[in-house]
Amino acid sequence: MTIRRPRLFPLVLSLPLLLWQLAFFLFPLVFLVAISFWTVRNFQMTPDLDFGNWERILTRNTFWDAYARTAMLATASAVLTSLIAFPAAYAISFKLSDRVKQWLIFVLIIPFFTSYLVRIYALQVFLSDAGIINALLGMLGIGPFLMLNTTFGTLVGMVTLCLPLVILLQIFSLNFVNRDLIEAAHNLRCGRLRTVFLVIVPSARVGLVIAALFAFILSFGDFVSPLYLGGGNPPTLSIMITDITKSGQQWPRAAVVALMMIGTLLTVAFAAITFAYKERGK
Amino acid sequence: MTGNRNFIIDVLLKLHIAACVIFIFAPILGSFVFSLNSDRFPSLPLGQFSTEWYRLIWEDPFVWTGFYNTVIVGFVVAVIATLLGFGGAYTDFRYNFFGKNIYLALALLPPTIPVVIMGLAMLAFLSRVNLSGSTISVIIAHGVMCSPFAMAIIRLRLSQMDPDLEAAAWNLGGNEWATLRHVIIPFTKPAILAALFITMAVSFDEFAVAWFVSGLNETLPVKILGFLQGQVSPRINAIGSLAFVSSITLIILAQILLRNSSKEKS
Amino acid sequence: MTFNLRTPTRRHLLRMTAGAALATPFLSIRAAAQTVNLSMLAWYGHAEPDIVGEFEEANNVKFTPKYYTGGDNMLGLIAQSPAGTYDVILSDAEYVQQLNAAGYIEALDAADYAFDDFYPEFQKFPGHWQGDTLYSVITRFGFLGVAHNTDVLSEKDAASYGVFSDSRVTGKLGHFDWHLPNLGQMSLAAGNASPYDIDEAAWDKVQEATMALRGQVGGFFDYGGTFSSLNDGQMVVFAGIGDWITGVLEKNGAKVRTTIPEEGGLQWTESFSIGKGTKNYEMARKWIQWITSPEGQAKSADMAAYPALIPSEKGWKVLNASNPAEAKRQNMVLGQYNAMDMIREGRIKYRQLPVQQSLEDWNDFWSDYKGA
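Chains as they are written, first to last, in UniProt numbering: chain S, 1 to 282; chain U, 1 to 266; chain C, 1 to 372.
It should be emphasised that the hints constitute simulated quantities derived from the structure, not laboratory data.
A few of these clues could be false.
As the list claims (entries may be wrong) - Stretch by stretch, here's where chain C covers chain U in the computed footprint (C-beta under 8 Å, at least three residues): (1) 130-137; (2) 216-229.
Claimed, not checked - Simulated crosslink set (DSSO-like; lysine-lysine; CA at most 27 Å straight-line): (3) U:K14 x S:K101; (4) U:K100 x S:K101; (5) S:K95 x U:K14; (6) S:K278 x U:K100; (7) C:K251 x C:K317; (8) C:K328 x C:K317.
Small disclaimer: the values here were computed from a predicted structure and weren't measured.
Don't be surprised by glycine CBs; every beta carbon is placed ideally from N, CA and C.
Produce the entire structure from the sequences given, and follow the hints as far as they go.
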């Protein structure tokens, strides 16, 4: 059954996506690589083959500080979101009736239909010194706490962004966990927590890791939370990109930062997926 | 599992779910409240009840054109991305070929690229080929960003399909096209619908790339970003609340439709 | 049964929402068909009804704005769009020369505009002219100083840039996130008479003094962020801004104000140019003539998005007659010590690009400062 000549059917199905992504995704990225070697004089870009942009960015401590900070924030967001999400996903997947489950999934999809910007804008009012949370805490006689324009604020925004997606992805992976396995574990008098960690988590690993990976990716590239909840203080890589383009039309240098970010994300994604699909048992 | 239930833990878990839902929805609810509040810069205690912000956006022709652009882009993108995604998902499901990994990488990578970078690259590229600054450029960019979601959703559904099903159809003499029409598409229909909705939703909310490439043809989210960066205005909340209500209506309609069709079958 | 009931309802609903949604915009689209469409690239607010409404009505024209946030953003937008995309372009003074050098704007005929109405200081504004050729017409300007929350800091407290390092504002000092106004103020604070034309030694001192403030900083904000963080008291003192922000908040009842310190203040300046390749040159010219007319100027001074001083002396007269409260608030009252006197005393310096260092150096230092 070897295919001798290209047939129409597979081509019609597979080519459009390939062509679209080649033309409108790969080309722009390749172009970005090219731009990173261009030079800027008097606010004007000229095609060139100049390594100065790379040198300038990669030799500056400010870049590496921002790089480390962004990576840490994204990691913290991924871990935090996963930890908050897991008990909820677990309970939704295992403890609730199908009807309630369906409704909750529906409820969790809703945030995707609301503007992230609007939510962040509202969060400002919650987190500010005289904001809603501090007002509520004040009634209890505690606070006020500084939350807006801090790393904490940034993290709250990132968790807001990622939590619904992570819970949903976790639910889907938990739904695929074989119920018989759990039954078996219980029959063997395996305790509740041990069942979760020895049976459920390993068999849902792929989904859990991918959920965390998505949280990392979203947080790593997000510029809204660091800017509007973190006060841009100190800046992350995405803020740095907009900063660089904001002064003197340094698009080539912005391209360098962008490419470094893409490289990092690809590495992390590759590592995470390798880990997720690694043969179990060893 | 029955013997192992623990009442306290179950209650705690349910409380946790509630806490998560509250956390997720507090900002949405907050923005709704602020949209009906007279203060330009909302803070506690709240000002008076006011529909002023709704009146302002209702009378703002730019909000309307933005809304139109958003809807047009959303619909076109949903269709394009779902078609592309379906093809990609089926290709991955059905075929093995040299370079498949590269094909998949190209198909699935866009969401991993931070939007700021995507916008930058898109604008730089599209303006060279004279495609920037129009609604088409937003559609192109969103097509790139949304098709992976469509592909993932449909691929997930395909993986639940019994592989023998397709083979059986072929054995019964159906050619590939007929099988696609009578077996694959009906089976993946819920996923296709879901893909249409999700891609539309992603496009509706996308502001960063659209900001870069839309030029004068701004979509509504780009307008919101403008309000946020420029004149901070509760119109943000009013637009957000309206968008929210209309999307929810759409989802509920979709749910009802899906439920009806599944009832019909069974 | 249920299915039968539901279908018509759904259809009905769709028809209803579609009808409601379509009605309004179609009207405006039809109206737009007969009118001239004038696109404007500007800071937020310049093409809002309170400013352009009257002109639109009188000339059967409709503005399509694209709002930018900062001069570089503006240059980027023009660079990436086909020529003729933007008919009128509002620019900060620093960027007019860049626009000109890149060939983005048309030469103008100086005789078309009422420069005789203007104060002499503004009849030949540097950078707007290339030799004797006019490229951009000044329309409004404003001062930058110490923006402060009046509950926490009095005008006396804010009379020196030294207040930035006051212990009362630790963690409450906000920066408008653009190096030019911030570093210009720090340069004034260091006693440089021309804050942007400083030698290496002076530049080192400015950097040192700025870096020493880092612990005071609560955040770096864009336009919108500056508004909200000053308004809700999250930041009590702000560097790099002026009445164009605090004026709006003040009018909304917030207790904030900009004080021009002893060391002097900076001036931002906005002007209108006509985009190269425009198909609406006539209408664009008409617009600039209108906004620089005495009536247009008085309107511009009290623009809802952000207020500003105006260069037209005749505009001052109209404003003093029609809106004395705003004239007083902005210190534009004729016949007493006013904003023009501050300029004439030399207390105000133009904001401009660094002269002896490259823009890059200033920018790099600013990002180091932010990241520190």
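Tested hints:
1. 130-137: As far as the region 130-137 of chain U goes, the hint holds, because 3 residues have Cβ atoms under 8 Å from chain C.
2. 216-229: Since three or more residues must qualify, the claim that chain C covers the region 216-229 of chain U holds, with 6 doing so at under 8 Å.
3. U:K14 x S:K101: 12 Å, holds
4. U:K100 x S:K101: With a Cα-Cα distance of about 36 Å, the restraint between U:K100 and S:K101 is violated, given a limit of 27 Å.
5. S:K95 x U:K14: Between S:K95 and U:K14 the Cα gap is close to 9 Å, so the pair holds against 27 Å.
6. S:K278 x U:K100: 20 Å, holds
7. C:K251 x C:K317: Judged against 27 Å, a Cα distance of about 22 Å means the pair holds.
8. C:K328 x C:K317: 12 Å, holds
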